[in-house]
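Given the coordinates of chain H, assemble chain A onto it according to the supplied hints.
Residue numbers (my numbering), protein chains in the order written: chain H, 1 to 278; chain A, 1001 to 1127.
Treat the hints with caution; some may be incorrect.
The following label-pair restraints were derived from C-beta to C-beta distances [stated by the list, open to error]:
(1) A95/H <-> S1110/A: 27 to 35 angstroms
(2) A95/H <-> E1126/A: 27 to 35 angstroms
(3) R71/H <-> E1127/A: 28 to 36 angstroms
(4) R60/H <-> P1024/A: 17 to 25 angstroms
(5) A1113/A <-> S81/H: 21 to 29 angstroms
(6) E1090/A <-> L277/H: 57 to 65 angstroms
(7) R275/H <-> E1127/A: 49 to 57 angstroms
(8) L1099/A <-> T195/H: 28 to 36 angstroms
(9) T1052/A <-> S81/H: 28 to 36 angstroms
(10) T1052/A <-> N52/H: 53 to 61 angstroms
(11) V1074/A <-> R71/H: 26 to 34 angstroms
(12) E1126/A <-> A100/H: 29 to 37 angstroms
(13) D208/H <-> E1127/A: 39 to 47 angstroms
No wet-lab data here; the hints were simulated from the structure. For glycine and all other residues, C-beta sits at the position ideal for the given N, C-alpha and C.
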Amino acid sequence: MSNVIDKNGLVNPGGYLTVFNPVVTSERTPNSPMPTTRYNKALVFKVMARQNVQGEKYTRSLPTTTSTTFRSYDSATPTASADGCLPGRAYTASAGVQFALSGTEDLQDMWKTNKDYYDRLFHVILNVSPGFVRVGVDMPSGTNQAKFQRTKKIVGIGTDFGWRYGNIETVAFPEIDVSYQFGNTTNAELRPTCTFTYGEYVVGIPSDPEIIFRVLSGREPSHQVDLPITTYDAAVSQGFVRTYGMDGFRVYPTNQSAAAVADYQRVISEECFARVLV
Amino acid sequence: MKQLLRLTAPTKGTTTGTFELSDPNYFYAGVSSFRLPLGCRAKLWGYTLSGTAFNATLSVSHDGTNWTEAAHWVLVDEGTLHHTYKNRPEVFLESRSGLEQFKVEWSQGSAVATSRISLLVEISDEE
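Chain H on its own, in the form it takes in the complex (with noise of 0.2 angstroms):
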């Protein structure tokens, strides 16, 4: 383990968090040898503090209630028989769900927050218990992301495949709507635990397009996190550019450091809302 990150996954203060966007942008370059160029973007975020480190846990059962529409692995259609319960054979609705908690920015999603708050940024790690819970995020939310072969077969919480057991990590952006897929195969209806571990990062852009070379090249240490996402919708973009300025660096060559740099200074001087830099 790097000492970017703490024990429980969460990025120390000091310390740098790459967001990669795994979606591959195509772009025609006139004056480019290749015809097409085919790179990723990321965002690079500097962790300067964490706020209420001492208690950065909240365990809290699921957010469903027995008027919570579920679809069924069979041809049931699966009800809850109490809050908090996750019906046999029985997985969320494609909405997904969210975690509701009062006083906060947004009643529906404890983890949504707006633009103004440009400079906190949600580390989220969810643990299920039962583990043998399907767990999965739409971003947006909403919009199954799960994807086989480019975009030819649909998969996630639904199919036999695309998802994970019990755990994942994500980051909560502001603007950016998210939602969580649960799923259970067995036949028992469980009543699952959900433990977030989670860092309130105060987060700035790096202004110098030195260290974001260093950060995306991987000669910086950086704790990397994906976003779940096959496509590049649309609320995701413009949620990134309403909150930063822009939706990210463009992933360079190693051996393209010139003109990497020339090209994270444009974004810094040029897109990234100069609140956001330090």
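Positioned in the frame of chain H, the structure of chain A alone reads:
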């Protein structure tokens, strides 16, 4: 992923029957057979039979219809029978299709509800 379940259930006032297995921590209600999550193994770490004399039979199914006996335990007299597999739990069922399940049945001489079974079962998708 590894999840330890303490599946427990009482006998009922019949000479034979199927235990309604439940883990009070995680289950809303008991089930007469437990269907394994796809790709998981069921590993038995230990069992306890307690109360008056009864026999318990662990059976497994790969399709939910046809059952095979996997283990048989006998509590010969009133008391407690306890066994732990310590560092080598028995893998008694592995899910390949998602249809695999297991159940435990009892038989006893008298139709009394005075006994209980507890199984310590690990559900895991690891070796």
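These are the hints, each one checked on the structure:
1. A95/H <-> S1110/A: 27 to 35 angstroms: violated (53 angstroms)
2. A95/H <-> E1126/A: 27 to 35 angstroms: holds (32 angstroms)
3. R71/H <-> E1127/A: 28 to 36 angstroms: holds (32 angstroms)
4. R60/H <-> P1024/A: 17 to 25 angstroms: holds (19 angstroms)
5. A1113/A <-> S81/H: 21 to 29 angstroms: holds (24 angstroms)
6. E1090/A <-> L277/H: 57 to 65 angstroms: holds (59 angstroms)
7. R275/H <-> E1127/A: 49 to 57 angstroms: holds (50 angstroms)
8. L1099/A <-> T195/H: 28 to 36 angstroms: holds (31 angstroms)
9. T1052/A <-> S81/H: 28 to 36 angstroms: holds (32 angstroms)
10. T1052/A <-> N52/H: 53 to 61 angstroms: At roughly 54 angstroms between Cβ atoms, N52/H and T1052/A fall inside 53 to 61 angstroms, so the hint holds.
11. V1074/A <-> R71/H: 26 to 34 angstroms: violated (44 angstroms)
12. E1126/A <-> A100/H: 29 to 37 angstroms: holds (34 angstroms)
13. D208/H <-> E1127/A: 39 to 47 angstroms: holds (46 angstroms)
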